[in-house]
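Visitor: So the chains spell out like this:
Protein chains: 2
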Amino acid sequence: MDIKKKFGKQVKKLRLEKGLSQEKLAYEADIDRTYIPSIEKGERNVSITVIEKIAKALKVKISVLFDE
Amino acid sequence: MDIKKKFGKQVKKLRLEKGLSQEKLAYEADIDRTYIPSIEKGERNVSITVIEKIAKALKVKISVLFDE
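Respectively, the protein sequence lines represent chains C and V.
Everything in the first sequence is counted per the numbering used here, starting at 6 for the first residue and increasing by one.
Everything in the second sequence is counted per the numbering used here, starting at 6 for the first residue and increasing by one.
Quick caveat, the hints were computed from the structure, so don't treat them as lab data.
One or more of the hints may lead you astray.
Interface residues of chain C toward chain V, partial, derived using beta-carbon atoms under 10 Å [stated by the list, open to error]: (1) F12; (2) E33; (3) I53; (4) L63.
All values derive from a computational prediction rather than experimental measurement.
Every residue, glycine too, gets a C-beta built ideally from N, C-alpha and C.
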């Protein structure tokens, strides 16, 4: 599977486990609220700084976002 | 430490462990050869697709690039 899609699936899985809405995750990560849906769909070639923001907002290490 | 710098240090560490030159890593990862030095210095906000290419070239899982 494409890495962007894999990442998006993992973000969605962890977000739902934490009981966060897409809007809440965007707020906690300080990224635009329209960005999360497209990330979760695997449409975004996210940068390392955005990856770090999402990990912090989900309270996980970055490596957890790439667990297989 | 800044995530870009942390990532750059880890890429350099793994590259040297594998005995690869910056040029060889760039070739294996199919990225521009001028890109690796600036990544290792922590100057680049690399994208997830570049992260994946570097991991494949180093023959490690992406999560290893974010080990602490």
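Visitor: Confirm or reject each hint.
Guide: Each hint, compared with the structure:
About 6 Å separates the beta-carbon of C/F12 from the nearest beta-carbon of chain V, less than 10 Å, and the hint is met. Proximity of C/E33 to chain V is violated relative to the hint, the smallest CB-CB distance being about 17 Å (cut-off 10 Å). With its C-beta approaching chain V no nearer than about 5 Å, C/I53 sits inside the 10 Å limit, and its interface hint holds. Of the supplied interface hints, the one on C/L63 is violated, with its beta-carbon coming no nearer than about 14 Å to a beta-carbon of chain V, more than 10 Å.
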